[in-house]
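Peer 1: In the order they appear, the protein sequences are chains A and B. Numbered according to the numbering used here, the first sequence terminates at residue 114, and the numbering increases by one at each position without gaps. Numbered according to the numbering used here, the second sequence terminates at residue 114, and the numbering increases by one at each position without gaps.
Hints should not be assumed to be uniformly reliable.
[As the list claims (entries may be wrong)] Taking lysine to aspartate or glutamate pairs in the EDC-like style, the calculated list, with each CA pair at most 16 Å apart, reads:
hint	chain 1	residue 1	chain 2	residue 2
1	A	LYS71	A	ASP38
2	A	LYS3	B	GLU44
3	B	LYS16	B	ASP86
4	B	LYS3	A	ASP59
5	B	LYS3	B	GLU17
6	B	LYS3	B	GLU97
Since the hints were made in silico from the structure, they are not lab data. As the structure is a computational prediction, the values presented were derived from the model and not from experiment.
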Amino acid sequence: DVKVTQSSRYLVKRTGEKVFLECVQDMDHENMFWYRQDPGLGLRLIYFSYDVKMKEKGDIPEGYSVSREKKERFSLILESASTNQTSMYLCASSYTGAVTYEQYFGPGTRLTVT
Amino acid sequence: AQKITQTQPGMFVQEKEAVTLDCTYDTSDQSYGLFWYKQPSSGEMIFLIYQGSYDEQNATEGRYSLNFQKARKSANLVISASQLGDSAMYFCAMREETGNQFYFGTGTSLTVIP
């Protein structure tokens with residue numbers, strides 16, 4: 001069974017704090033993704049990575065950075081958390097190549113910034 | 001332009017009835033994959049069904065089927081014999097042959113009424 005795990009289910013941080021969200025997958029997937037999910041807006045891509053140390057900006061990268069030092073781990077960093085970053089964050093992974101490969105998702109992290 | 005459009009923010013269906021959730025897509029790629037995911041209130045994203053652009057038959061997985069109309073660029077999800085546990089958000093997604101990204105719609109919230 002493919003497993004994608006995220007470091008926290010719930011997180012509460014203060015404005016201005018640096019926040020790290022960790023994601024680990026155990027299926028040797030090349031691609032990893034970070035989304036944020038807000039009501040009525042669906043899933044919006046923040047960043048994705050198609051290989052170690054490689055990253056691509058998604059639709060809403062402002063205020064976020066990412067790190068992928070190992071194939072199985074993809075970290076999302078909020079350099080200085082703000083209240084408008086309160087959201088559900090979902091990590092996902094997939095194989096590269098064929099369009100048949102689906103994404104596997106982690107359980108999500110509900111982040112509240114106060 | 002939106003790659004994936006889901007026009008039904010909310011739907012209601014009577015238990016044991018069938019329901020269709022709409023999805024239209026936009027791509028110029030010849031090869032692409034279409035996916036449906038279910039997200040219960042717990043937050044995890046569950047992969048339901050996949051349809052490839054070259055598949056001639058509509059995909060089916062148990063009570064889920066995909067009504068694929070390529071010329072109309074639609075990929076509607078049909079859930080037969082609805083159950084209370086089907087109450088959830090449903091997301092349509094697409095993966096194109098060019099690039100590694102997945103594109104998601106804004107989702108449809110389905111409520112099954114006893």
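Peer 1: Each of the hints needs a verdict: does it hold here or not?
Peer 2: Each hint, compared with the structure:
{"no.": "1", "hint": "LYS71/A x ASP38/A", "in the structure": "violated (28 Å)"}
{"no.": "2", "hint": "LYS3/A x GLU44/B", "in the structure": "holds (12 Å)"}
{"no.": "3", "hint": "LYS16/B x ASP86/B", "in the structure": "holds (11 Å)"}
{"no.": "4", "hint": "LYS3/B x ASP59/A", "in the structure": "holds (13 Å)"}
{"no.": "5", "hint": "LYS3/B x GLU17/B", "in the structure": "violated (30 Å)"}
{"no.": "6", "hint": "LYS3/B x GLU97/B", "in the structure": "holds (14 Å)"}
The earlier numbered hints that this structure contradicts are 1 and 5.
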